[in-house]
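Chain by chain, the residues run as shown.
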Amino acid sequence: MLLTPDMVPTVVATGASARVDAHVAPRFRVGDRIRVRNHNPTTHTRLPGYLRGKRGTIEQDYGVFAFPDTHAHGLGEKPQHCYSVRFTAREVWGPAASDRDTLRVDVFDDYMDPD
Amino acid sequence: MNGIHDLGGMHGLGPVVPEQDEPVFHEKWEGRAFALFASTFVFAGYTVDEFRHAIEKIPPAHYLESSYYEHWLFAFEEALMKRGFVTREELDARIAQLKSGGP
Amino acid sequence: MPKPHQGPAESDPAIRVRALEAILTEKGLIDPKALDALVDTYESKVGPRNGAKVVARAWVDPAYKQRLLSDATAAIKEFGFSGLQGEDMVVVENTPDVHNLVVCTLCSCYPWPTLGLPPVWYKSAPYRARAVSDPRGVLKEFGTELPETVEVRTWDTTAELRYLVLPERPPGTDDMTEDQLAELVTRDSMIGVTKAKAP
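Which chain is which? The protein sequence lines are A, B and C, in order. Throughout the first sequence, residue numbering follows numbering that gives the first Met the number 0, covering 0 to 114 in sequence. Throughout the second sequence, residue numbering follows numbering that gives the first Met the number 0, covering 0 to 102 in sequence. Throughout the third sequence, residue numbering follows numbering that gives the first Met the number 0, covering 0 to 198 in sequence.
In isolation and in its complexed conformation, chain A is listed as follows (with noise of 0.2 angstroms):
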């Protein structure tokens, strides 16, 4: 399809979201206790290294959303849930980080196993 002028607004003001309208089961629930797991594909992951096999809790269900590592490289959505992730600073970066600071990452259901 050519995109022309005119539809330049309709495209900008709809975007394409990445929800898929499936119905998966979540493998986690919030307040669950989790641990990252610790891969090194050599494909597209959006896991960030530094949360490798480190310890959090679920804060909320973003519900369902195509999974970007098999998406990225034509092998299908995989869709899935998509969480918000309360890590320690302490627990990513050890003694020396403020005991009072946290992170909160979003994290695919086939990143994490149960803690």
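To be clear, the hints were calculated from the coordinates, so they are not data collected in a lab. Keep in mind the model is a prediction, meaning the values are calculated, not measured. Where a beta carbon is used, it is the ideal one built from N, C-alpha and C, also for glycine. Take these hints with a grain of salt, some might be off.
Partial list, computed: chain C residues near chain A (C-beta under 8 angstroms) [stated by the list, open to error]:
no., residue
1, LYS26
2, GLY27
3, ALA33
4, ARG135
5, THR153
6, THR157
Put chains B and C on the given structure of chain A with help from the hints.
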């Protein structure tokens, strides 16, 4: 991938340097590169995940030295070549033509 | 390397963009006028003034604030702000106990409909590296010093949610109108590197 893009926690990169009264685009080509995103996305059908992964594959030293919209340009070229909309030869020929003052 | 053409030397990416645009135009795949319209949209129509209107409304209208915190995408759309890179929005509220800071360590995700396109520093390696591991150091570089009793909560936007910080309403603004309040809401305060301006 364990690439240079995965910057969280890296040391030695210096202070954050905000620019006062920063323009949206610093040079005209940045605006054109930005606009190519929506325009090529519509006809070429790549996903934003594929686009991000193309950026991740930029050689690490170049990744750090080049600007955001250069990253985008690299990713457009990759995605469009992969799908056969353009070839490396076509791009190189046109770049040479423009450098010698042609249209 | 000497450039054979007249006038100021074009940088390499400038020529590469021109080449790509020319080829795609000749093949009928893109319309340069659509590119003009996109550039104009983000240079003159979409920017942090949008987000400032949302924040000012939340400061004066408790019911709106509640909608904003429970369904940000819909509440922001009440202003007509929606779409590309704001499809799924989350608004996080600063309080006397919690200061929120937003970063995208893996690329440079940013809520375009409310903040426009990101500034260079937001996309820069130092910000992306340190906002997660040294948020208080980064905040200090922006002149924002917070007591140890305040939790700094850094949001790394690794998926497709886009975040806007709702800064605290500055003291001494009780008599100000919504439009006047919007003037106090800076882009940086909605990323979380600063507080809203004092009146």
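Query raised in the report: For which of the previously enumerated hints does the structure constitute a violation, in increasing order of number?
Result: 1
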